[in-house]
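> Okay, here's what each chain looks like letter by letter:
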Amino acid sequence: MNRLQQIILREASTRSVSLLRLLLVFILWSRFASDVLPFRSFHADRWALSFAFFFTTAWMFVGYYARLATLATGMVLMVMVMHYGPTTVEPWSHHHTTILALGTLLLAFTPCGGSYSADRWLSVSAALKNKEPIPLEIGPSWGRILIGLLVGAVYFWSGLDKLSYAFWSGERMEQILMYLYLGSDFPTVPGFHLLMSLSAKFVTVVWLIMPVALFHPKLQKVFLPLGLFLHTVIYIAFPVATFTVTMWSYYLVFLDPDAVHRFIDRMQGVVQEPG
Amino acid sequence: MRYFVWVPRLRGACSALLVARGSHCPYDAAMDEKQTFYSRIAALLVIGAYLHAGPAFDIIGHKKVAWGQQWRMFHGFGVGVCDVRFFDYSTSSGEPIDRYKALGVKQWTRASKATRRLDNEQMIMDQARKLCRRNQEFDLRVQARCGSRKGWKPLLSPDRNLCAGFTRKKRRSR
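Protein chains in written order, with our numbering: chain A, 1 to 275; chain B, 1001 to 1174.
It is worth saying that the hints were derived from the structure and are not from the lab. Computed from a prediction, not measured in an experiment: that's the story for all the values here. Idealized CB from N, CA, C, for every residue including glycine. Treat the hints with caution; some may be incorrect.
Calculated pairs, SDA-like style, for lysine to any residue (alpha carbon to alpha carbon, straight line, at most 20 Å) [to be verified]: (1) 1064/B - 47/A; (2) 1064/B - 202/A; (3) 1101/B - 1130/B.
One side only, chain A facing chain B, incomplete, derived with CB under 10 Å [claimed, not checked]: (4) 45; (5) 98; (6) 109; (7) 165; (8) 186; (9) 189; (10) 190.
Per label pair, the in silico range of CB-to-CB distance [as the list claims (entries may be wrong)]: (11) 1119/B - 237/A: 14 to 24 Å; (12) 1032/B - 212/A: 31 to 41 Å; (13) 1165/B - 39/A: 36 to 46 Å.
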């Protein structure tokens, strides 16, 4: 079996993707719940959407037939983003909502019900009842790559977009900073333009390296914390809504699932190897 | 005939995704290792191509497609803000004016957003009028450039006195 086959056919701990399932539900509620409350619109389709959103997300959180629940949630979100976004609720078509919808849909390709779910509870209960060994929390891990591709696409194309003169020279950074903080007075601080120019170049280069670096075990050690840091700065400095927490959560798919499993075990004082 | 061979496989894959409880899918057991490998590779290629096709159309082809995404973060953010500098040319050298001080605002942080951030020529001219109203001795000139997606775009140059011909409006007496 070659290296690619090993990666694609690998079975690994289900904890990281199950954690992602729970995290996504919280992010979805904080981003969309207020927008889909029944009083927002008195049209039958919007009431149906409201019901579908709350039902599927709650179902996804409980995790009974978790993959089906995740798929259903993802489909509801895609309807919101692809249909209602361009026609009725413009903010739903923004990149931070689109990435949430696509990520949820792609999570259905992972064994996201293998841990922290009603599915897991039932399988453990059945094993205990039948006096069988407790089933392992493992499943196919290839689906994580799909979410990784999504994150990589976001970094790569936004990095490529920033190779324009306007951003690369720092002028767009100056505009963003002036728009939010400084107003119409260009700072007289010496080196301000140079600082903006260097920041723009740094961010662009990092964004372009990210799609490869996050998949590479050695580069990941540098670029994953760097990504977390940059997203933190963006979260504090700019109004990016749930984008930062979504990206933080998606970073789980780049971590080795068995390492995440061992980390959780260690935190809980359990020393048990998965698989 | 090949179609009929694929029907149970597709049905198996669909039911696996839809009904599988827990972590394992029945189709993993139904397909041999080679089939599993190639079906996953196919899924990765198709979905990967979809994720990249939308932004590729948008950024390289300059064509937005309804079915795709545009991953352009902060693409239009901050566009419109103007960098405005007022000068008083009543002295020969042309002194920069601290507009907040001239408008009687103690600290720039206390100024209203509309005073602090000028987004177009109309807003700049309104503020120029206020400055003239407070000090008619000014030979007020303005230099301004505004933010666009392509960088700073020149808007006004300091070639005319904005306070020339300015008269303070008199209040009507009853």
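> Each of the hints needs a verdict: does it hold here or not?
For each hint, the structure was consulted:
1. 1064/B - 47/A: 30 Å, violated
2. 1064/B - 202/A: The hint is violated at about 28 Å.
3. 1101/B - 1130/B: 12 Å, holds
4. 45: It is violated, given that the least Cβ distance between residue 45/A and chain B is near 19 Å, above 10 Å.
5. 98: For residue 98/A, the interface hint holds, since the closest Cβ of chain B sits about 5 Å away, which is under 10 Å.
6. 109: Since the shortest Cβ distance to chain B is 7 Å, the answer is holds.
7. 165: 6 Å, holds
8. 186: 4 Å, holds
9. 189: 14 Å, violated
10. 190: 16 Å, violated
11. 1119/B - 237/A: 14 to 24 Å: 20 Å, holds
12. 1032/B - 212/A: 31 to 41 Å: 32 Å, holds
13. 1165/B - 39/A: 36 to 46 Å: Hint violated: Cβ distance 55 Å, outside 36 to 46 Å.
Violation of the numbered hints given earlier is confined to hints 1, 2, 4, 9, 10, 13; the remaining hints are satisfied by the structure.
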